[in-house]
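Student: Position one of the sequence shown corresponds to residue 3 (my numbering), numbered consecutively onward.
Possibly wrong hints are sitting among the right ones.
What follows is a list of derived Cβ distance ranges for each label pair [claimed, not checked]:
1. V52 - M14: 19 to 25 Å
2. A91 - T7: 18 to 24 Å
3. R93 - P47: 23 to 29 Å
4. K29 - R93: 36 to 42 Å
5. G39 - G86: 33 to 39 Å
6. Q56 - L156: 34 to 40 Å
7. S98 - P47: 34 to 40 Å
8. S84 - P47: 30 to 36 Å
Taking lysine to any residue and the SDA-like style, the derived pairs with C-alpha atoms no more than 20 Å apart in a straight line are [said to hold, decoys possible]:
9. K69 - R41
10. K50 - F64
11. K102 - D57
These aren't lab readings, by the way, just hints derived from the structure by calculation. Keep in mind the model is a prediction, meaning the values are calculated, not measured. Beta carbons are placed, not taken as given, at the ideal position from N, Cα and C, and that holds for glycine.
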Amino acid sequence: MTTLTIEDLAVMLLPGQAVAGLDLGTKTIGLAMSDLGRRFATPRPVIKRVKFTQDAETLLAFAEKEKVAAFVIGLPINMDGSAGPRVQATRAFVRSMSEKTALPFVFWDERLSTVAAERALLEMDVSRAKRAERIDSAAASFILQGALDRLSALGRATLSDLDA
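Kindly produce the complete structure, drawing on both the sequences and the hints.
Tutor: Dropping the structure here:
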């Protein structure tokens, strides 16, 4: 397993391969999945964290079932751009996953993704209890959608380079 830049992922992915988004929390892992055209991110049920080994097994079973080609994982950078303890925990999680899978990971700046997810759920008039259940997967969906939009832009840039 390797960590890739979004640009490297754009080159590596084949048409029809799906990508999963992750929002790593201390109690849950938010999940989202792209469609095969990699245009839309859809939230999936969270993984309730237990121990790393069980979390990894659950995540990899999901990846196998959904035929995931890569993971985009939110990197919780501080608003000032510095790396806090959650960044270190996220990087450690990916390092540990590297011993269990060959699937690549892309780190994606997740600043304000939870805020955006909370706002979207409020606008949909989701109750407080349901919001608490869904916030991590909604955040994973925002993280993944940002990466999918970037992949789309990179694809258009590559096509325009070919036309030149």
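Student: Between Q56 and L156, is the Cβ distance one that fits in 34 to 40 Å?
Tutor: holds (35 Å)
Student: Using the Cβ atoms, figure out if S84 sits within 30 to 36 Å of P47.
Tutor: This hint holds: roughly 32 Å between Cβ atoms.
Student: Sort out whether D57 lies within 20 Å of K102, counting only the CA atoms.
Tutor: holds (11 Å)
Student: Is K50 close enough to F64, meaning Cα to Cα at most 20 Å?
Tutor: The hint holds at about 13 Å.
Student: Assuming the hint says 33 to 39 Å, is it satisfied by the Cβ distance from G39 to G86 or not?
Tutor: holds (35 Å)
Student: Is the straight-line distance between the alpha-carbon of K69 and that of R41 20 Å or less?
Tutor: Roughly 16 Å between the alpha carbons, so the hint for K69 and R41 holds.
Student: Indicate whether the distance between the beta carbons of V52 and M14 respects the range 19 to 25 Å.
Tutor: violated (31 Å)
Student: Could you check the hint for me, namely that S98 and P47 are 34 to 40 Å apart, CB to CB?
Tutor: violated (22 Å)
Student: Range first: 18 to 24 Å. Now tell me if the beta carbons of A91 and T7 are that far apart.
Tutor: The hint (18 to 24 Å, Cβ to Cβ) holds, given that A91 and T7 are roughly 21 Å apart.
Student: So the hint says 23 to 29 Å: do the beta-carbon atoms of R93 and P47 match that?
Tutor: holds (25 Å)
Student: So the hint says 36 to 42 Å: do the beta-carbon atoms of K29 and R93 match that?
Tutor: violated (19 Å)
Hints 1, 4 and 7 from the list above are not met by this structure, while the remaining hints are.
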